[in-house]
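> Residue strings, one per chain:
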Amino acid sequence: MNESVLLGAYVFVLAILLGLEVIGRVPSTLHTPLMSGTNAIHGIVLLGGIIVAGTADTPLLHILGFLAVFLGAGNVFGGFVVTDRMLEMFKKKPVEKR
Amino acid sequence: MIESYRQAVIDISYFVSALLFIYGLKRLSSPATARSGNQIAGLAMIIALVATFISPEINWSAANILIILVALVGGAAFGTYLARTVKMTAMPQMVALFNGMGGATAALVSVSEFTRFQHLFGAVSNSESLSVVVGTTIGAISFSGSMIAVGKLQEVISGRPIRFPMLQPLNLLLLIGIIALWVGAIAFNTGAWSVWLLFALALILGVTVVLPIGGADMPVVIAVLNSMTGLAAAAAGFVLHNQILIVAGALVGASGSLLTVLMSRAMNRSLANVMFGAFGSATTTVGSAEAGEAKPIRETTADDAAVAMAYANEVIIVPGYGLAVAQAQHQIRELSEELEKRGVTVKYAIHPVAGRMPGHMNVLLAEANVPYDELFEMEQINDEFERSDIALVVGANDVVNPAARSDTSSPIYGMPILNVDKAQTVIVLKRSMRPGFAGIENQLFHEPNTVMLFGDAKDSLTKLTTAVKES
Numbered sequence: 001m002n003e004s005v006l007l008g009a010y011v012f013v014l015a016i017l018l019g020l021e022v023i024g025r026v027p028s029t030l031h032t033p034l035m036s037g038t039n040a041i042h043g044i045v046l047l048g049g050i051i052v053a054g055t056a057d058t059p060l061l062h063i064l065g066f067l068a069v070f071l072g073a074g075n076v077f078g079g080f081v082v083t084d085r086m087l088e089m090f091k092k093k094p095v096e097k098r
Numbered sequence: 001m002i003e004s005y006r007q008a009v010i011d012i013s014y015f016v017s018a019l020l021f022i023y024g025l026k027r028l029s030s031p032a033t034a035r036s037g038n039q040i041a042g043l044a045m046i047i048a049l050v051a052t053f054i055s056p057e058i059n060w061s062a063a064n065i066l067i068i069l070v071a072l073v074g075g076a077a078f079g080t081y082l083a084r085t086v087k088m089t090a091m092p093q094m095v096a097l098f099n100g101m102g103g104a105t106a107a108l109v110s111v112s113e114f115t116r117f118q119h120l121f122g123a124v125s126n127s128e129s130l131s132v133v134v135g136t137t138i139g140a141i142s143f144s145g146s147m148i149a150v151g152k153l154q155e156v157i158s159g160r161p162i163r164f165p166m167l168q169p170l171n172l173l174l175l176i177g178i179i180a181l182w183v184g185a186i187a188f189n190t191g192a193w194s195v196w197l198l199f200a201l202a203l204i205l206g207v208t209v210v211l212p213i214g215g216a217d218m219p220v221v222i223a224v225l226n227s228m229t230g231l232a233a234a235a236a237g238f239v240l241h242n243q244i245l246i247v248a249g250a251l252v253g254a255s256g257s258l259l260t261v262l263m264s265r266a267m268n269r270s271l272a273n274v275m276f277g278a279f280g281s282a283t284t285t286v287g288s289a290e291a292g293e294a295k296p297i298r299e300t301t302a303d304d305a306a307v308a309m310a311y312a313n314e315v316i317i318v319p320g321y322g323l324a325v326a327q328a329q330h331q332i333r334e335l336s337e338e339l340e341k342r343g344v345t346v347k348y349a350i351h352p353v354a355g356r357m358p359g360h361m362n363v364l365l366a367e368a369n370v371p372y373d374e375l376f377e378m379e380q381i382n383d384e385f386e387r388s389d390i391a392l393v394v395g396a397n398d399v400v401n402p403a404a405r406s407d408t409s410s411p412i413y414g415m416p417i418l419n420v421d422k423a424q425t426v427i428v429l430k431r432s433m434r435p436g437f438a439g440i441e442n443q444l445f446h447e448p449n450t451v452m453l454f455g456d457a458k459d460s461l462t463k464l465t466t467a468v469k470e471s
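The listed protein sequences derive, respectively, from chains E and Z. Counting from 1, one number per residue, gives the positions in the first sequence under this note's numbering. Counting from 1, one number per residue, gives the positions in the second sequence under this note's numbering.
Check the hints yourself; a few may be wrong.
Computed footprint of chain Z on chain E, listed as stretches where at least three residues anywhere in the stretch have a Cβ under 8 Å from a Cβ of chain Z [unchecked claim]:
hint, region
1, 25 to 35
2, 42 to 51
3, 61 to 70
4, 76 to 87
Just so you know, these hints were derived from the structure itself, not from any lab. The beta-carbon is built from N, C-alpha and C at its ideal position, and this holds for glycine as well.
Required output: the full structure, derived from the provided sequences and hints.
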């Protein structure tokens, strides 16, 4: 087995264990924002899209690269912005009026 | 020399980014730190993005620069625009849409890399083929499944479970086809066509798996698909030998599946039951509820209800999805402020699945500036109904159905509910007698201490507020 694949496998398994550990007990209040937040994080695959688009040398790959970057960027930026919009409203104390 | 510096900068950036993702995720899982957690994860994303831009493999030809910039700016603008303008009630669809976009990206990356490798080297190594087929399959299922979920939540597609004859054999056939293509691509180096075919079959499978699931279960479906997209991103990381993709993808894959379990537990549904059972088709089994029901319902007027509330000591408000549909979050806050002015204690009881997803109702009420400390989770408030004068149920149905406690034949039996029927008086604001998501009759409406106020939630609440002011 190729060394970088093996290293990748280690990283993958450890990150899985960490992912299970880090979340722990989330109150149901946070389920929606947390889902939205993790949803933005998997937009990391945008980097893959950039590499595809950046190494493309045929028309087909240009098109695929374009689509991958466009959709990935939508996932990343939309995901973080919408999560922030939700969490911004979670205020501990009410805003005093007058 | 310069090259090795460049690689070092990239490696260190990815490392820092991975740490920040983990730290951000940690902070995201607690209410007080959640917002900063999301921002830290966003920072991690920007660092990783910049590092990718300087990576040596990218060929900065004019065409590539143009394509990357246009796609990046266009996608970012599109996503940000949707994120800024979406109504909070439409949040589940929004998450599903972004999730589908991520899934599509993962699948496209996998397919493209396979095409390119084959073009460059003629054959693709076994381990790379494995990553490619995994990334393509999971990403494509996640994409098409998410699109169906969006359609169902947006009610473009019927929220009822859609079944057709031969569905199971079709799914089985698709599965066999997918496995055959996996084996072909990994062991026998079949060409790019097989990966494209795989992509197509996975797209169809995503549709046929999600279509038969009812609209009420879509949040759990999205949680599953969210976790799958994470894994697809990790698979793309294996294809590209990119550690940050593997780390972030695996984090989401794991935390997403945990979140799925937590969510189905909050909804009292086993995951297998959601994916393969049929909640929505329970509409036909209302027979048992009808049997014991001869008790009439009592209707009230806004004025009567307002007087009862104005002179109560404590009112517990139970908001449900109907409130969100009617966009009446602001009206309910006005009503509660008016009551508080008169010295009435007002509390909100939030069922874990109020709204359409766990936590959705908290977001909606927060949007209307309802103070966070008036919101109580089910366990905190359930014993308090006995001591309260009035429970005001606005657009909630299944989560206050006492059948979940007592009627073993009910499909929602065992689901934790809010004990509103223990309150002295229950006022139910409802559009009509139509049953809720689960399609079950609600005995609560026939109880002697329950009165119904029919009409649009927004209208009714406005009328109540005016009447409280005047009484």
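> None of the hints should be skipped; say for each whether it holds.
Going through the hints against the structure:
| no. | hint | result |
| --- | --- | --- |
| 1 | 25 to 35 | holds (count 10) |
| 2 | 42 to 51 | holds (count 10) |
| 3 | 61 to 70 | holds (count 9) |
| 4 | 76 to 87 | holds (count 12) |
Taken one by one, the earlier hints all hold for this structure without exception.
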